[in-house]
Structure formats: C-alpha cells, structure tokens
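**Student:** Chains as they are written, first to last, in the working numbering: chain A, 271 to 512; chain B, 26 to 437.
Note that these hints are calculated values from the structure, not bench results. A few of these clues could be false.
Here are a few chain A residues that face chain B, going by a calculated C-beta distance under 10 Å [said to hold, decoys possible]: (1) P284; (2) G291; (3) E309; (4) E311; (5) G333; (6) G464; (7) Q502; (8) R503.
Partial list, derived from the structure: chain A residues whose beta carbon lies under 10 Å from chain B [to be verified]: (9) T449; (10) W453; (11) V457.
Note that CB positions come from ideal geometry on N, CA and C, so glycine has one too.
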Amino acid sequence: MGGASTLRLVWVYPDLLSTYGDRGNLLVLQRRARLRGIEAEQVLVHADQAVPRQGDIYLLGGGEDLPQVLAARRLRSDGGLRAAAERGAVIFAVCAGYQLLGTEFGGEEGQQVAGLEILDMRSGRGESRGVGEILADVNPALGLPRLTGFENHQGVTQRGHGVAPLARVLTGVGNGDGTEGAWAGRVLGTYLHGPVLVRNPGLADLLLSWVAGRLTPLAAREEHWTQSLRDQRLAAVTPAAP
Amino acid sequence: MGKLPMRARLATTLGGAAGTMSRLAGRGDGSVIGGVIGLRLEPDLLALLSAGRQIVLVTGTNGKTTTTRLITAALGALGQDVASNAFGANMEAGLAAALGKAPDAPLAVLEVDERWLPAVIKATKPRVVTLLNLSRDQMDRAAEIWLVARRWREALAAAKGCWVVANADDPLIAWAASSAEHVIWVAAGQRWHEDSWCCAECGSHLLRDELGWRCGECAFQRPSTRWVLDGDRVIDSSGRISDLSLSLPGRANRSNAVVALAVSEVFGVETAVALPRLRNVASVAGRYTRLARRGRQVRLLLAKNPAGWLEAFDVLEPPPVPVLLAVNAQVPDGKDTSWLWDVDYRVLRGRRVFVSGERRLDLAVRLEADMVAFDLVDGVDDAVDQVDGTSMDVIANYTAFQQIRVALGRAE
Chain A
271 MGGASTLRLV WVYPDLLSTY GDRGNLLVLQ RRARLRGIEA EQVLVHADQA
321 VPRQGDIYLL GGGEDLPQVL AARRLRSDGG LRAAAERGAV IFAVCAGYQL
371 LGTEFGGEEG QQVAGLEILD MRSGRGESRG VGEILADVNP ALGLPRLTGF
421 ENHQGVTQRG HGVAPLARVL TGVGNGDGTE GAWAGRVLGT YLHGPVLVRN
471 PGLADLLLSW VAGRLTPLAA REEHWTQSLR DQRLAAVTPA AP
Chain B
26 MGKLPMRARL ATTLGGAAGT MSRLAGRGDG SVIGGVIGLR LEPDLLALLS
76 AGRQIVLVTG TNGKTTTTRL ITAALGALGQ DVASNAFGAN MEAGLAAALG
126 KAPDAPLAVL EVDERWLPAV IKATKPRVVT LLNLSRDQMD RAAEIWLVAR
176 RWREALAAAK GCWVVANADD PLIAWAASSA EHVIWVAAGQ RWHEDSWCCA
226 ECGSHLLRDE LGWRCGECAF QRPSTRWVLD GDRVIDSSGR ISDLSLSLPG
276 RANRSNAVVA LAVSEVFGVE TAVALPRLRN VASVAGRYTR LARRGRQVRL
326 LLAKNPAGWL EAFDVLEPPP VPVLLAVNAQ VPDGKDTSWL WDVDYRVLRG
376 RRVFVSGERR LDLAVRLEAD MVAFDLVDGV DDAVDQVDGT SMDVIANYTA
426 FQQIRVALGR AE
C-alpha cells in the first residue's frame with residue numbers, strides 16, 4: 271500500500287468514463303475494505319488532471335464512443351496509468367475502459383484508435399450490440415464463484431500473448447468468442463458493468479487482496495443484502511444450454 | 026377533417042373506434058392502439074393530420090410531459106382548440122391518435138420520444154421544436170445520447186422556417202439546436218453534468234464556471250440567452266422580471282415553465298398572460314398528485330433516470346417526512362439497474378426510507394453503500410401502515426409508478 275496504511279482507490283476520468291453506474295465499483299471496494307478495518311480513500315482524477323502514479327487500485331469505467339476516444343488520447347499522453355501498471359498496481363477496467371487497456375479499439379465512426387498497450391489485446395466493432403444479463407464462470411486459476419452482471423456493448427475483443435480470459439460465458443456475449451474479459455498479473459478487464467463488483471463481491475475482494483493481502487471474511491449481516499441480490503440475479507438468468 | 030383524403034379519414038375513424046374499444050376493454054387509455062391501426066391503413070397519416078396546423082414539438086430526457094402540459098395551458102389563452110398527447114404516448118402512433126381525436130384543432134402541442142424526433146419533424150413540419158435536456162436514460166434500449174443529438178442536429182438543419190426553443194445550459198442540447206435557422210436560447214439550468222463533460226463538436230474537455238460552459242479547445246460555447254430562469258423568477262425576452270410562483274414543485278418545473286413561456290411568446294402569448302395559466306397546473310398525468318390513503322397523504326413523484334432522481338430529491342418534503350423508493354426493471358424502465366449507482370442517496374439520511382418494487386434488492390444494496398438506513402416493504406400500503414406522521418412522498422420509476430397509481434386508485 272502506498273505511504274501510510276491508507277488504500278488509495280483511483281477512479282480514472284469519472285467525467286469521461288462513467289456511463290453505467292461505475293461509481294458502484296469504487297463504493298463497494300471502499301466499503302469492503304473499511305469493514306475489515308482497512309482505511310480506503312477515493313481519488314477522483316478528471317480528464318484535465320494528471321493520473322497519480324502512487325495509487326493502489328485504479329478503476330476505469332464505461333463510456334460512449336467520443337469520450338472513450340478522448341480518454342485514450344489523454345491517458346496515452348499522460349502516461350501515469352501505464353507507469354502504474356508497470357509498477358504492479360492493480361487495474362480494474364470495465365467496458366470502454368477495458369477496451370482502452372489493449373493496443374487498439376473501434377472509435378465512433380468505426381475507425382481503429384490506439385489504446386494504452388497495457389494488455390496485449392485488441393478490440394473492434396462486432397456485428398450487433400450485446401445487451402442483457404450475462405453469466406460467466408470465472409477462470410479456475412482465480413478461484414471465484416460465478417459472475418453475474420449486465421452488458422451493453424458492440425465490442426469484440428481478441429486476447430494476445432500472455433493474457434488469459436477472466437471467464438467463460440454461459441449466457442451473454444462477452445468478448446465475442448465464448449470468453450469474457452481479460453486477466454494478466456494484477457490487471458483485470460471485463461465487459462460486465464452492472465456495476466460488476468456489487469453483484470460479485472468475491473471479485474472485489476480479489477482486487478483488495480492483491481494489495482492488502484489475506485482478508486478476513488465479512489460477518490453474515492454485512493453480506494446479507496449483497497448475497498440476497500446476487501442470489502436473485504443468478505436465479506433470474508438461466509445458463510444457456512452447452 | 027373535411028380536407029383529409031378519403032383513406033386518411035377512414036384511418037382516423039377506424040383508429041378512433043379502436044381507441045374507444047381499448048378504453049372500454051380496460052386496456053390502457055386507448056391513446057396508442059387507435060394510432061397504430063390508423064398508421065397501418067395510411068402510413069402518411071401523421072403528415073396528413075398535421076397539414077394546416079401550427080404544431081409545437083417537445084422533447085428531451087426529462088420534463089416532456091410536464092412542459093407539454095404547460096405550453097398547452099398557456100396557448101389556451103388564444104381561445105382556439107389545442108390538440109395534445111397529454112398522457113405521454115409520444116411515438117408516431119400516439120401522436121397520430123392525439124391529432125386524430127382533435128381534427129379541428131388549429132394548434133397542437135405534442136411531446137415526442139427523443140428517438141422519434143427527426144421523423145416527426147419531417148412529417149409534421151412544426152412551427153416550434155422545444156429541446157429541454159439530454160442525459161443517460163434506459164441505455165439498454167436507447168442510442169448513445171451523442172448519436173441522438175447528432176440526429177436532431179441533422180433534422181433541425183433541414184427544417185427550414187422552424188423555430189427552436191432550446192436550453193442553452195445543456196451543452197448537448199446547445200450543440201443539437203445550433204444547426205437550426207432560428208433559435209431562442211433559454212437559460213433553463215442544468216443540475217446533472219455527468220453526461221456533458223465532452224465537447225460534442227470536437228471531443229475535448231468542457232470547462233464550466235458560474236458564467237456557463239465552453240470548450241477548452243474549439244470555439245463551441247454556451248450561447249447567450251434571451252430568457253433566464255433566476256431562482257424562482259423569470260427574466261423574459263424584454264428583460265422584465267416576474268415571480269413564477271408555480272403550483273408544481275421543484276427547480277426542474279421552474280425550468281420547464283420558463284421554456285413554456287418562451288414557446289408561448291412565439292405565438293404572441295405574453296408572459297403576463299401565460300404565467301397565471303401555468304400557475305393553475307397542479308398535477309400532470311398523476312405526478313405531484315396528493316392522494317389520501319388510510320388517513321395519510323401520499324404524494325407521487327415520477328423519476329426514471331439519474332437526472333430525474335436528482336430533481337425529485339429537490340422536491341421532497343423536508344425530513345422527517347418519510348419517502349418510499351420503488352424501482353422496477355421492465356422494458357419501459359430499462360432492464361439495466363446500473364443507473365441506481367449514479368444517484369447520490371446521502372441526502373436521504375435523517376428520514377425514514379422504504380424500498381419496494383421488483384428490484385428493491387438493488388436499491389437495498391445501493392442505500393447500504395451510502396449508509397442510508399431503509400426498510401423493505403411489499404408495496405405502498407405496507408409503507409403507509411408504517412408511517413408515523415401524516416404524509417409520505419413516493420419516488421418511483423415508470424412501471425413502478427403506474428403500479429402504485431393503480432394500487433392507490435383501486436382502494437379509495
């Protein structure tokens with residue numbers, strides 16, 4: 271953890287990349303850290319500010335095409351996020367933010383736009399928009415329960431060398447090839463918004479544990495509403511037949 | 026109706042009959058089915074029904090139904106019939122049905138769904154197009170709002186002779202409207218900024234200060250305005266200041282009223298004449314209505330998206346008056362509840378909060394994260410029974426609102 275014992279949660283460009291309730295991921299990380307006695311502060315970085323290099327967890331959210339292109343331009347010239355990744359900081363990116371992590375993605379007219387080159391992957395535009403509830407089984411190497419979320423995107427993403435899928439899709443679209451999201455080291459990306467960490471507290475705890483080490487389990491009453499929501503959403507969506 | 030071609034007349038008559046049957050059968054208020062049938066018989070029905078009338082179109086993410094009602098009230102001063110889709114049926118069929126029901130009205134005030142605006146401009150050749158605001162709403166089925174604004178921009182550029190009344194404080198609205206030949210800019214305010222940090226013209230960062238907004242890179246900036254909402258007052262196009270003193274509550278409705286006054290002036294209805302008529306509007310399609318329920322007063326507020334919830338919080342009675350929040354995620358609501366996380370609920374601390382609706386667990390987790398205490402309830406009556414005082418406010422999204430109206434309507 272950077273400096274004292276306060277966890278720094280850096281939300282990158284909430285003014286450009288925050289379309290689908292992305293604040294939820296920040297709030298859930300903060301809540302779950304504090305319930306363990308770990309102080310966690312929110313650091314909001316707007317597009318006209320420099321990205322701090324000493325954050326612990328960096329969050330990137332979803333965005334429309336135009337803001338996504340602008341965010342890519344700013345983040346490339348800023349260099350802070352890439353430096354943080356090279357230092358081994360945790361990065362968790364959703365939807366448009368996820369696409370930004372790769373080498374290129376599709377812009378507002380379908381043109382290819384250069385990404386941040388943090389992960390070896392490329393995104394483009396698919397034939398149709400994937401909209402709806404999504405279920406996916408997490409990569410066994412991460413040891414997490416099934417993911418539930420909502421997706422709304424037209425992107426398709428191909429992973430390159432050294433980048434593993436985050437999950438395998440049961441219902442929904444994800445990367446477009448049956449896989450969902452990407453994972454390499456301490457960098458995770460996903461098409462699930464939802465916001466995804468609200469419905470998938472195990473994923474939130476994984477990110478926290480990468481910074482804070484082993485976490486104590488929360489009390490049942492502290493998990494009650496989260497677990498109720500998670501059970502309801504899992505029950506509401508039937509996995510597609512294999 | 027004498028001027029309508031035979032097929033359009035037949036389409037209107039059959040459509041009207043279907044609307045009546047639908048109402049009798051208890052299937053909604055009959056304002057859409059008639060139009061659907063009419064359009065099937067005559068695809069140009071909307072254009073034919075619009076010919077020879079002076080038409081006002083009203084669109085935007087929030088405030089369409091209320092502003093349509095306010096403009097209709099103000100134009101009543103002209104002493105002529107005004108056709109209107111007063112109950113919010115705002116796609117092609119609803120518009121055709123509203124015009125078909127009032128064949129002799131020389132004026133029409135029509136609220137239009139954001140996605141339908143370009144087609145409706147083409148068909149109706151409006152005298153005035155009113156643009157209120159644009160923000161995220163039901164994103165699982167709506168287009169990205171920048172694309173919506175771009176389509177408006179193209180449609181308005183092609184609409185020769187049309188007047189646009191537009192909110193200059195909303196950058197996306199300003200961008201869409203600035204392609205039009207004639208624009209009357211209104212300083213109607215914008216509380217929700219989260220969808221307009223990016224210059225719609227060049228994509229750069231927008232800068233904001235007390236004077237408004239401007240692009241940091243290109244020349245795009247807030248246009249200067251002829252009408253201004255200043256707290257509870259309006260400054261009209263000739264610089265006169267009047268107290269609004271509306272019956273409708275909240276900043277958003279004051280903003281809607283100033284826009285309505287600007288539209289009215291295009292028709293020669295001065296503020297001094299229009300304003301008393303706006304003040305008489307106390308409830309719009311069930312919204313802001315106070316209903317007695319088991320000895321308590323229940324007031325209903327409709328809010329469908331983050332910007333709408335922000336404005337609804339502004340209207341709440343002060344604590345400790347309790348509030349019931351009700352959220353569904355059916356198709357008309359949008360099936361994605363992520364937007365709940367874009368709303369800041371901390372203002373609800375210090376009062377009793379109930380949550381209901383099909384997605385009440387989403388609300389529960391959301392409120393827990395904001396450290397707002399709450400109780401789950403099974404519906405409006407369950408909440409009313411737990412209220413200590415004499416009144417309760419309800420904020421609900423679309424289908425949750427309709428369900429509560431039905432529940433309250435049946436009992437009294």
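**Student:** Confirm or reject each hint.
**Tutor:** The hints, checked one at a time:
About 8 Å separates the beta-carbon of P284 (chain A) from the nearest beta-carbon of chain B, less than 10 Å, and the hint is met. The criterion of a C-beta within 10 Å of any C-beta in chain B is met by G291 (chain A), whose closest approach is roughly 3 Å, and the hint holds. Because the smallest distance between the Cβ of E309 (chain A) and any Cβ of chain B comes to about 16 Å, over 10 Å, the interface hint for this residue is violated. Using the Cβ-Cβ criterion of 10 Å, the hint placing E311 (chain A) at the interface with chain B is not satisfied: the shortest such distance is roughly 16 Å.
A least Cβ separation of about 9 Å between G333 (chain A) and chain B falls short of the 10 Å threshold, and the interface hint therefore holds. The interface hint given for G464 (chain A) is met, as the beta carbon of that residue sits about 6 Å from the closest beta carbon of chain B, less than 10 Å. With a least beta-carbon distance of about 6 Å to chain B, the hint placing Q502 (chain A) at the interface is held under the 10 Å criterion. For R503 (chain A), the interface hint holds, the least distance from its beta-carbon to any beta-carbon of chain B being 9 Å, beneath 10 Å.
Proximity of T449 (chain A) to chain B is violated relative to the hint, the smallest CB-CB distance being about 22 Å (cut-off 10 Å). Interface hint at W453 (chain A): violated, since its Cβ lies 22 Å from the closest Cβ of chain B, which is beyond the 10 Å cut-off. With its C-beta approaching chain B no nearer than about 23 Å, V457 (chain A) sits outside the 10 Å limit, and its interface hint is violated.
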